[in-house]
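Undergrad: For reference, the chains in residue letters:
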Amino acid sequence: MYTEDEIELVVARLRTIPDNAILSIGHMQDKSQFNKDELIEHVKQMDDIGKKIIDMQLKYVRSFK
Amino acid sequence: MFVLSSDFMLVTMPDHDLATQYASTWSQQIIDIAEKNGIKPILIKGKNVNRLHVETTINDKNPNFIVFNGHGSEDTIAGHNFEPIIIFGENHQLLKNRIIHAFTCGSGKILGKNCGAKAFIGYDDWFFLCMYRHSTNRPLEDKLAIPVMECAIEAPKQIAKRKTVKEAYNKSQEKYQKWIDEYTLSSSKYTTEELQLILPCLMWNKTCQVLYGDNNAKLN
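Heads up: the sequence lines are chains X and A, in that order. The opening position of the first sequence corresponds to residue 1 in this note's numbering, with each subsequent residue numbered one higher. The opening position of the second sequence corresponds to residue 1 in this note's numbering, with each subsequent residue numbered one higher.
Keep in mind that the hints were calculated from the coordinates and are not lab data. All clues given are correct.
In silico PhoX-like pairs for lysine-lysine, Cα to Cα no more than 25 Å straight-line:
| id | chain 1 | residue 1 | chain 2 | residue 2 |
| --- | --- | --- | --- | --- |
| 1 | A | 45 | X | 31 |
| 2 | A | 178 | X | 59 |
| 3 | A | 171 | A | 40 |
| 4 | A | 143 | A | 178 |
| 5 | A | 109 | X | 31 |
| 6 | A | 143 | X | 36 |
| 7 | A | 109 | X | 51 |
| 8 | X | 36 | A | 189 |
| 9 | A | 143 | A | 206 |
| 10 | A | 47 | X | 31 |
| 11 | X | 52 | A | 109 |
| 12 | A | 166 | A | 206 |
| 13 | X | 59 | A | 171 |
| 14 | X | 31 | A | 143 |
| 15 | A | 109 | X | 59 |
| 16 | A | 113 | X | 52 |
| 17 | X | 36 | A | 206 |
| 18 | X | 31 | A | 206 |
| 19 | X | 59 | A | 113 |
| 20 | X | 36 | X | 59 |
| 21 | X | 59 | A | 143 |
| 22 | X | 52 | A | 206 |
| 23 | X | 59 | A | 206 |
| 24 | X | 52 | A | 143 |
| 25 | A | 189 | X | 59 |
| 26 | A | 206 | X | 51 |
Which chain X residues stay away from chain A? Per the calculated CB distances, all over 12 Å, these:
| id | residue |
| --- | --- |
| 27 | 1 |
| 28 | 2 |
| 29 | 3 |
| 30 | 4 |
| 31 | 5 |
| 32 | 7 |
| 33 | 8 |
| 34 | 41 |
| 35 | 44 |
| 36 | 45 |
| 37 | 46 |
From the three backbone atoms N, C-alpha and C, an ideal C-beta is built for every residue, glycine too.
Work the whole structure out from these sequences, hints included.
TA: Next up, the structure:
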């Protein structure tokens, strides 16, 4: 679904966000807020949360094409 | 044009996590505007945002405009502690012939599209909200959250100003684009690191915002 380059790009972008930033997701889940390290971990694991974060970041990056 | 008499506006305000705390706190701006425009707000807060209380309030007060704050999914709007309060196929008829703003993830996709609301503004995919850990006790002053929240609440603010839902949706979309353009094209008070998070959130949320129903619906 995603290339290795795309995943690396998203991880690289997430590494640059502020350390004390939190991303909250309005979806119904046991956990709804994630710090920078957790976001990166979800992306690496390619679970549902990670995939959605990849989609979000790639939508933005692709808007410049 | 379908015009609704506008005695009551119902606002659900759960606060069991940061996302609901932020949405509920920011909703005070909608409430203030509604009151200035002669609309009586009915607030359901905290633990009271449960299915029984919400259903009873809708049936008793018959609000023409409902603002749901909380989590959600394609067919569900949740209340306190993720309790489903509106479920497609179970009690979605409660939304029929009302103007609905659902500040929840995904509920626009199935519920919003098919619930029979006079008009429904919401999101058909996940909604992302960014925030600063050190600002979570002051949601209105959270530098990361301000752009996202301002765009999101623009639509219900416009409805409370008695604008049509189409005008409300357009104003919200314009606000998203204004923030995106401003941050992308010029220097701002935000750092590059902050924008790496804010801009993708804004663009994603803008794309996922949907409007269904009668575009000309408004509160009378």
